[in-house]
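*Asks:* Dock chain B against the given chain A, drawing on the hints supplied.
Here's the letter readout for the chains.
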Amino acid sequence: MQSHRSRHVVPPVKSATGIVGFDDITGGGLPYRRTAVVTGGPGSGKTIFSLQFLTHGALNCKEPGILVAFEEPTARILANAESFGWKLAELRRKDLFFIDAQLDPDVIQSGDFDLGGLLAALAMEIPKLKARRVVFDALNVMLAMLPDAAARRRELYRLNEWLLARNVTGLITLQTNTNTTGALGQQPFDYMQFMVDCAVILNHCVVQGVSQRNLRGVKYRGSGFDEDESPFLIGKHGLEVAVARTRIRADARVSNQRVSTGVKRLDTMLDGGYYRGASVLITGSPGTAKTTLSGAFAEAACERGEHTLFIIFDSEYAEVIRNLASVGIRLDRYVKNGRLRMIPARDITVSAEIYLARIKELAAEHKARCLVIDPVSTWSKSGNDLTARSVAERLVDCSKAEGITMVCTRLLDEMFSPSERSASMQISTLSDTWIHLNYLVQAGERNRALSIIKSRGTAHSNQVRELILSATGVTLSDAYTASGEVLMGTQRSEKERTERAATEAAKAVAKLKRVRLDAEETELVARLKSLQTEIVAKQLEKALLVSITERREGEVSRGRTQMRALRGADVAVIDPK
Amino acid sequence: MTQRTTYQFRLYVAEGALNSVRALANLTALCQAHLPDRHKIEVVDVFHEPQRALEDRIFMTPTLIKLAPAPVRRIVGALSETQTVLLALGLQ
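For the protein sequence lines, the chains are A and B, in the order given.
Take 1 as the starting number for the first sequence in our numbering and just add one per residue.
Take 1 as the starting number for the second sequence in our numbering and just add one per residue.
Some clues are possibly wrong.
[To be verified] No farther apart than 16 Å at their CA atoms in a straight line, the calculated lysine to aspartate or glutamate pairs in the EDC-like style are these:
1) B:Lys66 with A:Glu402
2) A:Lys336 with A:Glu306
3) B:Lys66 with A:Asp104
4) A:Lys128 with B:Glu49
5) A:Lys336 with A:Glu303
6) A:Lys360 with A:Glu402
7) A:Lys495 with A:Asp478
[Said to hold, decoys possible] Below, a sample of chain B positions facing chain A; criterion: calculated Cβ distance under 8 Å:
8) Ala53
9) Met60
10) Ser80
11) Glu81
12) Gly90
13) Gln92
In case anyone wonders, no lab produced these hints; they're calculated from the structure.
Each residue gets a CB set at the ideal place from its N, CA and C atoms; glycine is no exception.
The following block holds chain A by itself, in its conformation from the complex (with noise of 0.2 Å):
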């Protein structure tokens, strides 16, 4: 046996398709000169994506292509594709041909049959065209016209065979009457998928009434591919496949750069404001200031010349306009100079795929650098929490990618529930900055406070501050804490007057105190001096005494002597020797 070890391995080529995101997950498109198979339910997106494969490889990759369409006529799937903006038209005369095999409704069906004629007609136009791409669009309505399963399977597997000798990459779409995304071995053409090199499913569904697209790779011989499936929505474009890593792109830009959060104190708190590129995350119940927050951010990117993209969905934002200049933020100045630019995005109908195309189109279009998207809470609203979350995750993805600074507003209210919870804390585990809001009612006041959750890289204060809001713009002021309790708002400044008239009447006590002491200090001064007075005439004294006691006894023996002389006594006893 000859031993093809030395025989170098190189992974399959790949045909590019052109459809944003396909491409990733396929490591470069559908295989080169093979044939692969795209199955779905209808409406599910098969004839944009193979249209989208011809266009890019006759546009893009000098590969002419022919499309041969069992389902609907040219002229509907030209005027289609119009709306792509795909000039069809004049890609039709040199590096496009269709071919409409639609079937005629009368036609009559007797004993068994093959494709001989398309094979035929395909054989004469791949030469001329020299086409390199050959798709067959809905060919499972031809196929049902075969008299049995095994009539079907012996033409699948002749087309298979036909395409591979002619050097084409081929692609057959097939209908499925079920929209689901079932297993290999349910699909009425599951055979079709074992004998293709790839074989990709498309799925259209509603969940929670919002309609939801994925796409599926089911196989890839010789290739890895990402198995999920991935979320996809038709765009202005065509076909966009989300991809949840930027593989390229990832760790593209990391900037140390700080960017100020337009709240001079908070920029403080975080150590310089945020990271350029960071995702922020502000939480907060009602009312607790988020968007004004966010708005502050959003000023104060204008204020530095730098486009600005607000998506609001709660209001109208010439409300959030007129809102915000009541605290001094003014971004109706950056509205007409078109630095800002605010979209509001009340429908809530949409899936949240489509939000995030939409905003990413709009970042891409109004080159945005700082992005504020007003709350990012409504996502999970349409469609389910999984997907909600699979888009902010992505949403991160390319607003770092795109250096975007961002910041998203979250409700999160008091009476939520658990699940709302835990996605909650999904989405801000993604941000860079997490900044909550809340309110701490106290003697029948509400007042707003602001605490840093976290913040990635920085280092950040760990007190929680009062947020202000007054015309003049949004402040924050230390929260005054005893004995364990925040106090806020009145009581704060009350607690505050207290503790200063407190400290005024200590400082005179302390004063008085002193002055008494002073006195004490003197008095006993004096009291050491006439002591010291004392001792000295005392010591004088005793030195009188002493000198008196002195000169007495020597009168006293001298007269003694005196008076033994006097007596003539005994001069031995005085002298024994």
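*Replies:* Below, chain B alone, put in the same frame as chain A:
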């Protein structure tokens, strides 16, 4: 239906395909049984005349087209179900 009407057929075949051979045999037998001396059969091989096949929008072979008398009818397949074919051609 008048007895004098001549039936005009065009049968598209694919060279060498078994079902094409069978279709031609079935058609010939049928014409001899039901339309003796008043039929014309033109056989076109799609691989020899692909342009013509494409213009006639022939994708499946064999395909029989009854050109006359009106209406024009198309029957796809080996024409193995005689009853169906006769019905489609208006011969029964």
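*Asks:* All hints are to be evaluated individually against the structure, with a verdict given for each.
*Replies:* Against the structure, the hints come out as follows:
no., hint, verdict
1, B:Lys66 with A:Glu402, "violated (65 Å)"
2, A:Lys336 with A:Glu306, "holds (14 Å)"
3, B:Lys66 with A:Asp104, "holds (14 Å)"
4, A:Lys128 with B:Glu49, "holds (15 Å)"
5, A:Lys336 with A:Glu303, "holds (13 Å)"
6, A:Lys360 with A:Glu402, "holds (10 Å)"
7, A:Lys495 with A:Asp478, "holds (13 Å)"
8, Ala53, "holds (5 Å)"
9, Met60, "holds (5 Å)"
10, Ser80, "holds (3 Å)"
11, Glu81, "holds (4 Å)"
12, Gly90, "violated (12 Å)"
13, Gln92, "violated (14 Å)"
Hints 1, 12 and 13 from the list above are not met by this structure, while the remaining hints are.
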